[in-house]
Amino acid sequence: VIGLIMTIFGTGLAKFLSDFFVKTESGNARCQAAFEVFTAKIPLLSDSLGIVSKVLFNYGFLFYLTIVIAIGAGLFLKKTRTGLNLRAVGENPATADAAGISVTRYKYFASCIGSGLVGVAGIFCTMEFKSGAWAIADVDSIEAFGWLAVALVIFALWKPWMAIIGSFLFGMLCNLNNYMPL
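Residue numbers (the working numbering): 1117 to 1298.
Don't read these hints as lab results, they were simulated from the structure.
Some hints here could point you the wrong way.
[Stated by the list, open to error] Between beta-carbon pairs, the in silico distance windows are: (1) GLY1128 x LYS1170: 35 to 43 Å; (2) LEU1172 x LEU1233: 21 to 29 Å; (3) LEU1129 x LEU1172: 29 to 37 Å; (4) LYS1275 x LEU1165: 27 to 35 Å; (5) VAL1266 x LEU1172: 26 to 34 Å; (6) LEU1191 x PHE1271: 16 to 24 Å; (7) GLY1199 x ILE1118: 14 to 22 Å; (8) GLU1207 x ILE1167: 43 to 51 Å; (9) LEU1129 x LYS1170: 29 to 37 Å; (10) GLY1206 x LEU1165: 39 to 47 Å; (11) LYS1195 x PHE1132: 35 to 43 Å; (12) ARG1203 x ILE1183: 33 to 41 Å; (13) LEU1191 x VAL1153: 25 to 33 Å; (14) LEU1172 x ARG1197: 32 to 40 Å.
[As the list claims (entries may be wrong)] Keeping only pairs whose Cα atoms sit at most 25 Å apart, straight-line, the calculated DSS-like set for lysine-lysine is: (15) LYS1195 x LYS1275; (16) LYS1194 x LYS1223; (17) LYS1170 x LYS1157; (18) LYS1194 x LYS1275; (19) LYS1275 x LYS1223; (20) LYS1195 x LYS1223.
Glycine is no exception: its CB is placed at the ideal position from the N, C-alpha and C atoms.
Let the sequences and hints guide you as you build the complete structure.
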């Protein structure tokens, strides 16, 4: 529910704030300086290894950061006491409360961290897939990625490892139209 609310709120906030950014002739908001920073490639590895460079090292730093965050979240949830407490709160809040775990604190913590990660995901999608621009009133707008992210969380069954696999699957399916004849 919080994911749906944050998606709707973020979409509206982005459209509202875009009126204060520099717009292109197409009516899209764009910040060129941020785009250049977020899409900078790894200097030596992105062009020196041929096909290996194109497959593994031809992305901006946010791509690698998201993989590190997903693996770190999986380890955090499985291997730390705080992560296990968080899982207990998510699975059965009444039992976690009876065990002395502050359910409200953990829910607030999870909502704040999750919202921050959604923000990072929005930046990643805007910079990588939309060249740093988001459409104001277009069918091909960035809010479609927000709904795709909600679907990915449901598909992954709230497991970070499945989210990585689902991300690759969704990414391949999204790019499949580039290779399909019309």
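We went through each hint and held it up to the structure:
1. In this structure the supplied range 35 to 43 Å holds for GLY1128 paired with LYS1170, their Cβ-Cβ distance being about 38 Å.
2. Hint check: LEU1172 to LEU1233, Cβ distance near 24 Å, so the stated range 21 to 29 Å holds.
3. Taking 29 to 37 Å as the suggested C-beta distance range, the pair LEU1129 and LEU1172 conforms, at roughly 35 Å.
4. The given range of 27 to 35 Å is respected by LYS1275 and LEU1165, whose C-beta atoms sit roughly 32 Å from each other.
5. Range check, VAL1266 to LEU1172: about 29 Å between beta-carbon atoms, so the 26 to 34 Å window is met.
6. The hinted window of 16 to 24 Å between LEU1191 and PHE1271 holds, with their beta carbons roughly 21 Å apart.
7. Between GLY1199 and ILE1118 the beta carbons are some 19 Å apart, a value that agrees with the proposed interval 14 to 22 Å.
8. Remark: the range hint 43 to 51 Å for GLU1207 to ILE1167 is upheld by a beta-carbon distance near 44 Å.
9. The hinted range of 29 to 37 Å is satisfied by LEU1129 and LYS1170, whose Cβ atoms lie roughly 36 Å apart.
10. Checked against the given bound of 39 to 47 Å, the beta carbons of GLY1206 and LEU1165, roughly 42 Å apart, stay inside it.
11. Distance hint for LYS1195 and PHE1132: a CB-CB separation of about 41 Å, consistent with the stated range 35 to 43 Å.
12. Here the CB-CB span from ARG1203 to ILE1183 is close to 22 Å, at odds with the stated 33 to 41 Å.
13. Taking 25 to 33 Å as the suggested C-beta distance range, the pair LEU1191 and VAL1153 conforms, at roughly 28 Å.
14. With their beta carbons about 35 Å apart, LEU1172 and ARG1197 fall inside the hinted range of 32 to 40 Å.
15. At roughly 14 Å between alpha-carbon atoms, LYS1195 and LYS1275 fall within 25 Å of each other, so this suggested pair holds.
16. A C-alpha spacing of about 17 Å is found between LYS1194 and LYS1223, which places the hinted pair at or below 25 Å, so the restraint holds.
17. Distance check on the hinted pair: LYS1170 and LYS1157 sit about 11 Å apart at the alpha-carbon level, within 25 Å; holds.
18. For the hint pairing LYS1194 with LYS1275, the CA-to-CA distance comes to about 10 Å; that is within 25 Å, so the pair holds.
19. In summary, the hint linking LYS1275 to LYS1223 is supported, as the alpha carbons are separated by about 17 Å, within the 25 Å threshold.
20. Under the criterion of a C-alpha separation no larger than 25 Å, the hint pairing LYS1195 with LYS1223 is consistent with the structure, at around 19 Å.
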